[in-house]
Amino acid sequence: NAGVTQTPKFQVLKTGQSMTLQCAQDMNHNSMYWYRQDPGMGLRLIYYSASEGTTDKGEVPNGYNVSRLNKREFSLRLESAAPSQTSVYFCASSRHMGQGGSGNTIYFGEGSWLTVV
Amino acid sequence: EDQVTQSPEALRLQEGESSSLNCSYTVSGLRGLFWYRQDPGKGPEFLFTLYSAGEEKEKERLKATLTKKESFLHITAPKPEDSATYLCAVLHGSGNTGKLIFGQGTTLQVKP
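Protein chains in written order, with our numbering: chain A, 1 to 117; chain B, 1 to 112.
Read the hints as simulated data drawn from the structure, not as lab findings.
Cβ atoms here follow ideal geometry from the backbone N, Cα and C, with glycine treated the same way.
Warning: the hint list may mix true and false statements.
If you want the footprint, here are the derived chain B segments under chain A, 3+ residues with CB under 8 angstroms [claimed, not checked]:
1. 74-84
2. 99-111
Keeping only pairs whose Cα atoms sit at most 20 angstroms apart, straight-line, the calculated EDC-like set for lysine to aspartate or glutamate is [stated by the list, open to error]:
3. 9/A - 56/A
4. 59/B - 15/B
5. 42/B - 55/B
6. 69/B - 17/B
7. 79/B - 55/B
8. 59/B - 45/B
9. 42/B - 79/A
10. 42/B - 1/B
11. 9/A - 82/B
12. 57/A - 2/B
13. 71/A - 38/A
14. 9/A - 79/A
15. 79/B - 2/B
16. 42/B - 26/A
17. 42/B - 70/B
18. 111/B - 17/B
19. 99/B - 79/A
20. 68/B - 52/A
21. 57/A - 9/B
22. 79/B - 17/B
23. 99/B - 17/B
24. 69/B - 82/B
25. 14/A - 79/A
26. 99/B - 38/A
27. 57/A - 38/A
28. 79/B - 39/B
29. 111/B - 2/B
30. 57/A - 26/A
31. 69/B - 55/B
32. 42/B - 52/A
33. 99/B - 52/A
34. 9/A - 110/A
35. 9/A - 15/B
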């Protein structure tokens, strides 16, 4: 059981280039998320998808777009990369979003290290 | 403003020296508090969820407790393999739009 898988693991971009981070989960979860983690800032939510067919902005959405391709896959796109987007990106998923009980436990992927020069 | 604060930022312990990590929160409508462990170069790994004041959860040398304002992660007789960053997160909000707010983490180093 792979859980949450994200690719690539490492990427270096030049300012202005575009790229897409891919994420897939095999836990039949309804909700998926993209976070970024920066030193001293903790994990911050970029975008989320509460269920297949829906996406919403999180805390820091500027400069990003997302696509919920199907129930398993949720991609994050940087259209024109900027040095401020140098960060570690984590994809995550949960059975449901915001509901009580164990269904809202969020499981994370291994991370994607992105450097924009 | 909804906020989650963890203390201390860093903690160094000798093997076997018990201690506690703190997570204090100010959010409206707490729906759950989560503890994660994160090793360098890895994603956060789920440890516990607590839902109501007075609740406790245990796993090996770790015990998490919850009050109305804070949570503690107690580490009893830690070993070097317990070295990691421990993250606290709070789920708040109503309906199906509840979101997690993360603290900045406590980095624990356990020396042999």
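Hints, one by one, checked against the model:
no.	hint	result
1	74-84	violated (count 0)
2	99-111	holds (count 6)
3	9/A - 56/A	violated, 25 angstroms
4	59/B - 15/B	holds, 18 angstroms
5	42/B - 55/B	violated, 29 angstroms
6	69/B - 17/B	violated, 26 angstroms
7	79/B - 55/B	violated, 25 angstroms
8	59/B - 45/B	holds, 13 angstroms
9	42/B - 79/A	violated, 26 angstroms
10	42/B - 1/B	violated, 30 angstroms
11	9/A - 82/B	violated, 25 angstroms
12	57/A - 2/B	holds, 18 angstroms
13	71/A - 38/A	violated, 28 angstroms
14	9/A - 79/A	holds, 19 angstroms
15	79/B - 2/B	violated, 34 angstroms
16	42/B - 26/A	holds, 19 angstroms
17	42/B - 70/B	violated, 26 angstroms
18	111/B - 17/B	holds, 10 angstroms
19	99/B - 79/A	violated, 26 angstroms
20	68/B - 52/A	violated, 34 angstroms
21	57/A - 9/B	violated, 29 angstroms
22	79/B - 17/B	holds, 9 angstroms
23	99/B - 17/B	violated, 35 angstroms
24	69/B - 82/B	violated, 26 angstroms
25	14/A - 79/A	holds, 12 angstroms
26	99/B - 38/A	holds, 19 angstroms
27	57/A - 38/A	holds, 19 angstroms
28	79/B - 39/B	holds, 15 angstroms
29	111/B - 2/B	violated, 35 angstroms
30	57/A - 26/A	violated, 24 angstroms
31	69/B - 55/B	holds, 13 angstroms
32	42/B - 52/A	violated, 27 angstroms
33	99/B - 52/A	holds, 17 angstroms
34	9/A - 110/A	holds, 8 angstroms
35	9/A - 15/B	violated, 33 angstroms
The earlier numbered hints that this structure contradicts are 1, 3, 5, 6, 7, 9, 10, 11, 13, 15, 17, 19, 20, 21, 23, 24, 29, 30, 32 and 35.
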